[in-house]
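J.: Please arrange chain B on chain A, whose structure you already have, making use of the hints.
For reference, the chains in residue letters:
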Amino acid sequence: MRFFKKTVIDFIGKRNLWYFVSSAMMLVGMLSLAFKGINLGIDFRGGTEVIVAFATPPQISDVRTAMRASGLGASEIKTYGTSDNALIIRTTEQGQGSTLINRIVGSLQQGMPTNPSTLLGSSEIFPKIGKELRQNALYAIVWSFVAILLYIAIRFKFVYGLGAVIAIVHDVFTTFGFLSILDGVIPGLNLEITTEIIAAFLTLIGVSVNDTVVIFDRIRENEKIHRSLSLGEIMNKSLNETLSRTIITSGTIFVVLMVLLFFGGEVNRGFAFTMGFGILTGTYSSIYVASAIVLDWSLWSKKKS
Amino acid sequence: MKNQTTRIALIVAAVALSLVFLWPTVQDYRFRKQLSSLRGADSLSYVEQNQEAMLKAKLKRVKLGLDLQGGMRVVLEVDVIQLLNDIAKNRDDNFLTIIGDVRKESSATDESVIPALAKKFLERGIRMSRYYGSNIRAEDAEVTAYLQSETEKAIDRAIEVVRNRVDQYRVSEPNIQKQGSRRIIVELPGVKDENEVRQLLQGTALLEFRLLKDAQIAYKVMENIDKLLSGKLDTTFADTSAKGKQSVSKVAAPKKQTDALQELLGGNAPAEGDTTSAAKFQRENPFFYYVRPDQRGSGDGYVEAKNRDRVIALLARPEIQRVIPTDMEFSWSAKATTDKAGNQFYQIFPLKKSPELTGAVISDARSSISPEDGRPIVNMEMNSEGSREWARITGANINKRVAIVLDKAVFSAPVVQNKITGGRSQISNIDSPNEARLLEIVLRAGALPAPVAIIEQRSVGPSLGEDSIRAGFNSFTIAFVFTILFMVVYYHNAGGIADFALLFNVLFIMGVLAAFQATLTLPGIAGVILTLGMAVDANVLINERIREELAGGKTVRAAIEAGYAKAFAAIFDSNITTMLTGIVLYQFGTGPIQGFALTLIIGLAASMFSAIVITHVIFNLMTDRGMNPNFG
Numbered sequence: 367m368r369f370f371k372k373t374v375i376d377f378i379g380k381r382n383l384w385y386f387v388s389s390a391m392m393l394v395g396m397l398s399l400a401f402k403g404i405n406l407g408i409d410f411r412g413g414t415e416v417i418v419a420f421a422t423p424p425q426i427s428d429v430r431t432a433m434r435a436s437g438l439g440a441s442e443i444k445t446y447g448t449s450d451n452a453l454i455i456r457t458t459e460q461g462q463g464s465t466l467i468n469r470i471v472g473s474l475q476q477g478m479p480t481n482p483s484t485l486l487g488s489s490e491i492f493p494k495i496g497k498e499l500r501q502n503a504l505y506a507i508v509w510s511f512v513a514i515l516l517y518i519a520i521r522f523k524f525v526y527g528l529g530a531v532i533a534i535v536h537d538v539f540t541t542f543g544f545l546s547i548l549d550g551v552i553p554g555l556n557l558e559i560t561t562e563i564i565a566a567f568l569t570l571i572g573v574s575v576n577d578t579v580v581i582f583d584r585i586r587e588n589e590k591i592h593r594s595l596s597l598g599e600i601m602n603k604s605l606n607e608t609l610s611r612t613i614i615t616s617g618t619i620f621v622v623l624m625v626l627l628f629f630g631g632e633v634n635r636g637f638a639f640t641m642g643f644g645i646l647t648g649t650y651s652s653i654y655v656a657s658a659i660v661l662d663w664s665l666w667s668k669k670k671s
Numbered sequence: 087m088k089n090q091t092t093r094i095a096l097i098v099a100a101v102a103l104s105l106v107f108l109w110p111t112v113q114d115y116r117f118r119k120q121l122s123s124l125r126g127a128d129s130l131s132y133v134e135q136n137q138e139a140m141l142k143a144k145l146k147r148v149k150l151g152l153d154l155q156g157g158m159r160v161v162l163e164v165d166v167i168q169l170l171n172d173i174a175k176n177r178d179d180n181f182l183t184i185i186g187d188v189r190k191e192s193s194a195t196d197e198s199v200i201p202a203l204a205k206k207f208l209e210r211g212i213r214m215s216r217y218y219g220s221n222i223r224a225e226d227a228e229v230t231a232y233l234q235s236e237t238e239k240a241i242d243r244a245i246e247v248v249r250n251r252v253d254q255y256r257v258s259e260p261n262i263q264k265q266g267s268r269r270i271i272v273e274l275p276g277v278k279d280e281n282e283v284r285q286l287l288q289g290t291a292l293l294e295f296r297l298l299k300d301a302q303i304a305y306k307v308m309e310n311i312d313k314l315l316s317g318k319l320d321t322t323f324a325d326t327s328a329k330g331k332q333s334v335s336k337v338a339a340p341k342k343q344t345d346a347l348q349e350l351l352g353g354n355a356p357a358e359g360d361t362t363s364a365a366k367f368q369r370e371n372p373f374f375y376y377v378r379p380d381q382r383g384s385g386d387g388y389v390e391a392k393n394r395d396r397v398i399a400l401l402a403r404p405e406i407q408r409v410i411p412t413d414m415e416f417s418w419s420a421k422a423t424t425d426k427a428g429n430q431f432y433q434i435f436p437l438k439k440s441p442e443l444t445g446a447v448i449s450d451a452r453s454s455i456s457p458e459d460g461r462p463i464v465n466m467e468m469n470s471e472g473s474r475e476w477a478r479i480t481g482a483n484i485n486k487r488v489a490i491v492l493d494k495a496v497f498s499a500p501v502v503q504n505k506i507t508g509g510r511s512q513i514s515n516i517d518s519p520n521e522a523r524l525l526e527i528v529l530r531a532g533a534l535p536a537p538v539a540i541i542e543q544r545s546v547g548p549s550l551g552e553d554s555i556r557a558g559f560n561s562f563t564i565a566f567v568f569t570i571l572f573m574v575v576y577y578h579n580a581g582g583i584a585d586f587a588l589l590f591n592v593l594f595i596m597g598v599l600a601a602f603q604a605t606l607t608l609p610g611i612a613g614v615i616l617t618l619g620m621a622v623d624a625n626v627l628i629n630e631r632i633r634e635e636l637a638g639g640k641t642v643r644a645a646i647e648a649g650y651a652k653a654f655a656a657i658f659d660s661n662i663t664t665m666l667t668g669i670v671l672y673q674f675g676t677g678p679i680q681g682f683a684l685t686l687i688i689g690l691a692a693s694m695f696s697a698i699v700i701t702h703v704i705f706n707l708m709t710d711r712g713m714n715p716n717f718g
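Protein chains in written order, with this note's numbering: chain A, 367 to 671; chain B, 87 to 718.
So that you can see chain B by itself, here it is in the shape it has in the complex:
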């Protein structure tokens, strides 16, 4: 057993360490108080003088959890499957089916997608090198490794992009971490507008400059779709998916035209006997019923807002897809316009599928107000390579339109007036200055390599946070006072000494939290309170033992030694078992619960130390001086 000097040395060391770790928190508190009492120029100069010290203090202080200071916590999941889809080459129907299956399966778990993909390829006896990588002779294992590293790189890039965006959004002390194989945890203290955060985090920010297809061709395609839907077009097409193979697939000839139409239009087709001119038009021209071609002959179409989903579904159908040329795509306008009658319309644009230029060439973006119409815009600048390309593209397409597409939505499709050599372009049709600002951030931070989805979101407003702080503080104070009173009443002197040791408990817990840069949450405070109750336990074990020994006739000094010796095993075993559950809780919990587990574990260790070492030292100091502590 350690002797007195070692014990005292240990206590001093522990206290010193705790104070050292807690010092930044104290400093930070003092800085903030000072700052809040200064005004204007004074506060500015104060910040300048102490900037470095303030930053250091801020970095190392005990942080408050989001549930105490308010803020948002978001878990993003990177759509790895979309990524695997995008980096594949020669995507054919087989590939699409496989990807579709993997997507369905993985929607249920967090497991790694790539092994699942590899298995599917194996099942079908197809080599993965057919779709991935440059070496057609590569083994599946090689390809899997390649995909794994590409995915990891993409996820790291995604984290960087998220970090950039969050940085520019000016959140103080954000916390961004990778979780598992494809998740990102983003904690944003003090953030309130979750709509904005969603926009900020979820958009892939894929910027594309795309040319429009010739108006004549566009109109012809729309006509073909219309004819196909109304049954006038020949429905047999060669399946061009497999190279060289000629398989003919027929779209099943509808038994009744109206049945097929009903199915296509989701039950919105005109009734069998409806003979109004509107119904007739719908039957004869089902596509143009919904998509009104632009009267000016630009090749665009206008769709009423309420029909937008239906048209999207229509255009996505495989039989319709086959009528659209492979280098063409219908893209939707990002915003709806309102006509004089108050109806809302979306535009669809016939765009060339492959972009002329992408957001990779954008070197800077700045939100601003257009001098022409006073509406918000974002001005973009390109790097030298981009500027060259842009000059070439604009030069070759004068009086033609170039669509500016962000995340597959067309913001505008202005006519090229002249060749643009300065690498400048602009996004217009933005609703609000806020949106412009978000776009600016998102364009500067870069495009996400794959879409991310928000799978978990928790936000706590500042007033809830304040309530929690108050509740935590109140309950801690009351519990503390109760514990102290009880110990003194029940164990007299010994109780008072145990109370004194309890103070050290709290100091040690806070010190360890500061040392680990852990965050204090409301459940964490509950953990501290719980440890107060359990700290009593260790002291009770010791004091009850000492009482027994005294009753057995030992001297005070001897009883104390015997009490500590005999109680040690019980204290040790019981606290360790409770700590085991704390460890399990830490492993399986997230966020605030981990905060609780942490304070519980630390608190138990601290209470063991203070009960076994600190009180012992004090008792011995007392008996050395001939004072006999009263054990009630």
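Here chain A stands alone, though its shape is the one from the complex:
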């Protein structure tokens, strides 16, 4: 069975169009980041988070009134998980230890006596830890860029490393922008930035690079065989030859992620959603961005010398 018979698509020739599309996507993402901003979870901001289950589906307004009675009216209240009975309540107030959690549980019991609630789980992070986690997340992303750049530069050529890194930078920014745009839009989907989301970013960097490297490998091989062809022609040939594999792999990973999204539990949901989108941009960038950058950079540096 085959999805793609021999394709002859001109990826390279139309690359200016794709540069434009990529820039547009990144721009939209950055605008959203600049104006709407991004929702940091308590992992990165510090704060307290409480997951409660009620006997019957609660009204969010009732819950807020109950919380206001103990001065916590500014808390975020969202549904948790697939059942209607569970809520997640989040506040950035710093309390003296578990008094904050007790306050929340207590005010819920007092303010909603007809709907008994049980504590399912809680988290509390000091702002100091939040700051450290933010730093760590940033270091992690930067270090992954560096590691990838070095490895590819060694195994192929420096310009290939550059192309790969620019492609994944594009992926990271676009996905961040996507999260920013969609945050709060889809009911039941919490998209605040948690450590799992950062893990999703790092993984999508890894998987996107995976695609890119397979294409580069083919280019490297074709360069040796077809010495008469120009770099652009070789790239087109390589892209077409690997297209089948790229789409299939990305497709399977995407489906697997969708399984995670719907069946993997609340903890994995944000991860699966982020990575799902990341796979899409990753595949796109591997095909349309990485090689194009390498080509243009090579041409430009050839022109210089």
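Please keep in mind that the hints were generated in silico from the structure rather than gathered at the bench.
A couple of the hints might just be wrong.
[Stated by the list, open to error] Within a straight-line C-alpha distance of at most 25 Å, the following computed PhoX-like cross-link-like pairs (lysine-lysine) qualify:
{"#": "1", "chain 1": "B", "residue 1": "K640", "chain 2": "B", "residue 2": "K652"}
{"#": "2", "chain 1": "B", "residue 1": "K392", "chain 2": "A", "residue 2": "K603"}
{"#": "3", "chain 1": "B", "residue 1": "K278", "chain 2": "A", "residue 2": "K444"}
{"#": "4", "chain 1": "B", "residue 1": "K190", "chain 2": "A", "residue 2": "K494"}
{"#": "5", "chain 1": "B", "residue 1": "K640", "chain 2": "A", "residue 2": "K372"}
{"#": "6", "chain 1": "A", "residue 1": "K590", "chain 2": "B", "residue 2": "K652"}
Values in this document were obtained by computation on a predicted structure and should not be read as measured data.
T.: This is chain B only, laid out in the frame that chain A set:
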């Protein structure tokens, strides 16, 4: 390239190793199933017979993360600055300022405190040996090294104390680890009551037996404070902080008495024109307005619960501190009492600052119920040295009171009836048997050398954990089935063979996890699922290559060899780069995320192995027997 026999040998070895490492998990599962089907005496005898084997299995099995089995994860930070404060001698204002600065700065980072302290001393041109150590001529570098080793010892002691407490709290398989320079990670599976855990972990458990100051003196001090606040006392005092130096500091004479009072009382002073008798009393006797001296003349004071914070703030002010003699301290009762009208009161006790005896002499503690009033108590026994001292102290203070102070809070201050020679004492005024039990644990485990603060806490209830397990299992099954079906449909035989190799994948991942005693978390399961998707990739690369070679006219056997040879570079490079990000993630992540990174890295390695070696072996076995696998 390895030949067939080596490949087969490798596969067999890998499978065998994985099975060996996974065996304890299987055993543990079987034991538990057996145990749950037995009852009463049967189960007891079963445990006795197999105890050693069960323990061994439990130790080496694949552990479930807290997010799957439920429990609490707490990160404690040792207050090193408090420690540095406590081990210093001759603390003067300079020292306190320096310590205060260091505290402010370090509240933002996890960096080492001692270099920061050393720098501050250097900036001010003060030698560290002035406050630390026994050798006044020691160089700063020596003192720094000394402080470093003292701190490390203290943190290790703290970890021991935490470990002791957790052990006695009867948590199964707790995990306590040091993190960084002054943090302790405590993982408690199955624990639900985080209030109790907080109490268990955070109290320093510093037990002190302190004598009370004479009632007359105590009352006089309170009077002086009262007069100072109402402006009747002379406000110039000699600054006695620097030895020998006579610097006179004045408390700024208030422009208007009411302004100063307002400031002191946090805006709660009576309004300017208020002439009620209550307001008059408050103005004239601002201290006694809040602190009612004990009518029986014991020297204690009673403070309404709502005014407690205000009085604490008042007593902490430097001008008030100067009125209190240096060997005296006001300590608060641990609990509030309720009077007939339903008001809650705290007691403050005028205690001698230095303790007669500390918790170091306690050899045992036991929670129990008092035979007199049926309320929970903790009985304590002292070691021989402590018993001697205790006998001396009680003998010398008959009919006087001795306060029992835990973590600076006074639990009781009973009158000494007679000399106690047996080294026994008791903590009473405990609210609940649970609290008594916690106190017992905390006293037995020892005092923490420095306070610890909980800076991060995550707790997952058992039902959330069960949900997660179910979700993980479901999603894994669905993803697995999808992957298998897809491979067979798209690549026919070759796909089926790749699926078979996938099974090995999962076995290897679990085996490596067991070998490293790693924990399986929900993100970890996500990692396994992700590797399923990516395992497909390696097989796709190989199979697509083989298809190309077949299309180019090679024989099946030759196409297979060529396919594997040419696809190797691509598989290797692409998987290595993904593993690089996995490694970065492992380095910078914590807890469940590390679990994910681990399964990702292992899964990629395993999928490389199974795609390159296992499927190759199977293909070759087939072609050897003249069967040509179909590559779709």
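J.: Does each hint fit the structure? Answer for all of them.
T.: Taking the hints in turn, this is what the structure says about them:
1. B/K640 with B/K652: Between B/K640 and B/K652 the Cα gap is close to 14 Å, so the pair holds against 25 Å.
2. B/K392 with A/K603: violated, 80 Å
3. B/K278 with A/K444: holds, 23 Å
4. B/K190 with A/K494: holds, 13 Å
5. B/K640 with A/K372: holds, 19 Å
6. A/K590 with B/K652: holds, 13 Å
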